[in-house]
Amino acid sequence: MPKKNNNHSLKSEREKVGLAERFFWIITCLLLFYSLVSAKVKGRSDILVLQLAAEFLICLILPALKLFVKRGFVERLSFKVQTHICIMLLVTAFFGQYLGLYSSMEWYDTYMHIIGGFVFVFTGYELAAAMKSEGTGYDPLLYAIAGFGLSFFFAVGWEIFEFICDSVFVDSNSQNWSAVNSEDILKLFSAVDPRRFALLDTMLDLVAGTLGSLAGGVALYIVLKKRNKSLLLKTYESTCA
Amino acid sequence: MLIKKIKSEYDFLRKEISAVEYAFWWLVRILLFAALLSTIKAGNNDFLDKKIRSNFLLTFAFPAVHLLPRRFFPARLDYRVQSVISAMLLVTSFFGQYKGFYSTKEWFDLYLHFFGCFFCVYLGYELVRALLNKKEGIEPSLATISGFGLSFFFAVAWEIFEFISDSIYPMSNAQNWSCYNSDRLIALLPPMDPARLALIDTMTDLAAGSLGSILGAIALYIYLKYKQRKS
Chain A
1 MPKKNNNHSL
11 KSEREKVGLA
21 ERFFWIITCL
31 LLFYSLVSAK
41 VKGRSDILVL
51 QLAAEFLICL
61 ILPALKLFVK
71 RGFVERLSFK
81 VQTHICIMLL
91 VTAFFGQYLG
101 LYSSMEWYDT
111 YMHIIGGFVF
121 VFTGYELAAA
131 MKSEGTGYDP
141 LLYAIAGFGL
151 SFFFAVGWEI
161 FEFICDSVFV
171 DSNSQNWSAV
181 NSEDILKLFS
191 AVDPRRFALL
201 DTMLDLVAGT
211 LGSLAGGVAL
221 YIVLKKRNKS
231 LLLKTYESTC
241 A
Chain B
1 MLIKKIKSEY
11 DFLRKEISAV
21 EYAFWWLVRI
31 LLFAALLSTI
41 KAGNNDFLDK
51 KIRSNFLLTF
61 AFPAVHLLPR
71 RFFPARLDYR
81 VQSVISAMLL
91 VTSFFGQYKG
101 FYSTKEWFDL
111 YLHFFGCFFC
121 VYLGYELVRA
131 LLNKKEGIEP
141 SLATISGFGL
151 SFFFAVAWEI
161 FEFISDSIYP
171 MSNAQNWSCY
181 NSDRLIALLP
191 PMDPARLALI
201 DTMTDLAAGS
211 LGSILGAIAL
221 YIYLKYKQRK
231 S
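Sequence lines, in order, name chains A and B.
Taking the numbering used here, the leading residue of the first sequence gets 1, the next gets one more, and so forth.
Taking the numbering used here, the leading residue of the second sequence gets 1, the next gets one more, and so forth.
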């Protein structure tokens with residue numbers, strides 16, 4: 001089996017980003033820009049405006065990098081990552097922060113961690129795929145494990161980032177250590193010592209993220225297995241031809 | 001059939017680890033057994049004997065798994081994994097629990113998370129090798145990334161396990177949410193609302209573990225690259 005051929009097809013598969021996906025990026029960018037301007041005009045809190053501005057910039061980072069860096073890891077990194085970034089920014093920044101679902105829906109953050117865990121398994125896969133050198137084998141299980149593991153790296157990284165934010169900014173409550181809008185959660189853990197309340201949000205986030213990552217790992221493995229089968233078939237057909 | 005299996009496993013063991021490592025496994029077992037006897041003799045030990053007993057049994061669990069047919073992936077794990085398990089049991093169970101370093105040395109737990117995650121990168125790599133049933137030929141960057149990611153999975157799973165323990169047993173303080181013996185750590189961090197104190201141990205554990213994982217990944221990548229070049 002010519003491995004190089006297999007890799008080239010894999011790369012082209014990775015590069016395939018449909019029109020719908022590109023349209024989705026633009027919509028997300030526009031919505032984030034609108035929410036930033038609207039938050040500024042309506043005089044909403046400075047921290048929200050700052051967050052929305054940062055998130056709008058995050059939305060532009062990968063396309064900008066792709067525009068200026070034409071080699072190495074960035075060149076190999078699939079545009080699918082931009083779709084993952086846009087999904088997460090849309091649900092967290094636009095719906096969560098701007099429309100205020102984080103504060104009005106108690107379980108919203110938990111759902112976000114499930115979705116985040118799931119999506120970041122795929123992002124982890126894309127990162128791992130971009131690190132792969134040409135001419136080496138392709139094993140769906142290895143990539144599924146890499147994606148699964150990296151999603152935990154993102155989850156822990158996120159919790160550490162929130163902890164730093166809460167330590168630097170006095171009024172910050174990123175880790176929801178004050179258990180705001182957590183009545184149902186507190187009811188679930190009614191026997192818990194009140195001194196442990198600060199841990200509830202963080203630990204629930206990690207549990208939810210783990211569930212999302214497990215589901216994402218299984219889904220990614222199935223997708224890669226199917227893709228590998230069709231790639232092998234295509235390679236076989238082109239070799240025969 | 002069992003004798004044949006034991007013989008083949010013995011060959012694997014000879015190939016995968018050195019005599020010094022094997023002696024180390026037994027040293028850890030002897031130390032834990034001595035700690036167990038001493039704890040039982042002392043009595044009134046707040047579950048310490050149960051913890052040491054289960055850790056002592058754990059030192060035999062991994063070699064016992066190798067008695068399974070090698071078509072089951074745990075039986076394919078490299079014997080060197082037992083050396084890492086033994087090292088971790090020595091520092092956590094013998095020094096941490098029996099000698100009481102967890103309660104007397106403030107930074108002991110943090111060091112353990114750092115070194116634990118450093119070695120978990122290697123454990124993750126061995127897990128991947130066993131799952132893929134490949135002794136060689138995994139690209140170093142992918143093998144490292146997988147091991148690195150899995151070390152974070154282990155770290156999160158450990159915190160969830162501690163959280164569940166603390167939720168089930170009312171007297172449990174596995175996540176050190178009561179900030180026992182953490183005065184210097186609290187002094188190091190910026191002043192914070194007392195309601196946040198429960199988070200300190202968990203978050204510093206995760207941060208120390210992350211540093212350990214990053215260094216572990218660098219070390220593993222260098223090792224795998226060196227091995228690849230040599231072969």
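Since the hints were made in silico from the structure, they are not lab data.
Be careful, since some hints might not be right.
[Said to hold, decoys possible] Taking lysine-lysine and the DSS-like style, the derived pairs with C-alpha atoms no more than 25 Å apart in a straight line are:
| # | chain 1 | residue 1 | chain 2 | residue 2 |
| --- | --- | --- | --- | --- |
| 1 | B | 5 | A | 229 |
| 2 | B | 134 | B | 4 |
| 3 | B | 7 | B | 134 |
| 4 | B | 227 | A | 225 |
| 5 | A | 226 | B | 50 |
| 6 | B | 230 | B | 50 |
| 7 | B | 15 | B | 5 |
| 8 | B | 225 | B | 41 |
| 9 | B | 50 | A | 229 |
| 10 | B | 230 | B | 135 |
| 11 | B | 4 | B | 50 |
| 12 | A | 234 | A | 80 |
| 13 | B | 135 | B | 50 |
| 14 | A | 225 | B | 4 |
| 15 | B | 15 | B | 134 |
[Claimed, not checked] Cβ-Cβ distance ranges computed for the label pairs, FRET-style:
| # | chain 1 | residue 1 | chain 2 | residue 2 | range |
| --- | --- | --- | --- | --- | --- |
| 16 | A | 214 | B | 219 | 27 to 33 Å |
| 17 | A | 211 | B | 189 | 36 to 42 Å |
| 18 | B | 75 | A | 228 | 23 to 29 Å |
| 19 | B | 225 | A | 172 | 37 to 43 Å |
These figures come from a predicted structure and were not determined experimentally.
Backbone N, C-alpha and C define an ideal beta-carbon position, used for all residues, glycine too.
Against the structure, the hints come out as follows:
{"no.": "1", "hint": "B:5 / A:229", "in the structure": "violated (36 Å)"}
{"no.": "2", "hint": "B:134 / B:4", "in the structure": "holds (23 Å)"}
{"no.": "3", "hint": "B:7 / B:134", "in the structure": "holds (22 Å)"}
{"no.": "4", "hint": "B:227 / A:225", "in the structure": "violated (29 Å)"}
{"no.": "5", "hint": "A:226 / B:50", "in the structure": "violated (48 Å)"}
{"no.": "6", "hint": "B:230 / B:50", "in the structure": "violated (46 Å)"}
{"no.": "7", "hint": "B:15 / B:5", "in the structure": "holds (15 Å)"}
{"no.": "8", "hint": "B:225 / B:41", "in the structure": "violated (51 Å)"}
{"no.": "9", "hint": "B:50 / A:229", "in the structure": "violated (50 Å)"}
{"no.": "10", "hint": "B:230 / B:135", "in the structure": "holds (15 Å)"}
{"no.": "11", "hint": "B:4 / B:50", "in the structure": "violated (35 Å)"}
{"no.": "12", "hint": "A:234 / A:80", "in the structure": "holds (22 Å)"}
{"no.": "13", "hint": "B:135 / B:50", "in the structure": "violated (37 Å)"}
{"no.": "14", "hint": "A:225 / B:4", "in the structure": "violated (36 Å)"}
{"no.": "15", "hint": "B:15 / B:134", "in the structure": "holds (16 Å)"}
{"no.": "16", "hint": "A:214 / B:219: 27 to 33 Å", "in the structure": "holds (28 Å)"}
{"no.": "17", "hint": "A:211 / B:189: 36 to 42 Å", "in the structure": "violated (30 Å)"}
{"no.": "18", "hint": "B:75 / A:228: 23 to 29 Å", "in the structure": "holds (26 Å)"}
{"no.": "19", "hint": "B:225 / A:172: 37 to 43 Å", "in the structure": "holds (42 Å)"}
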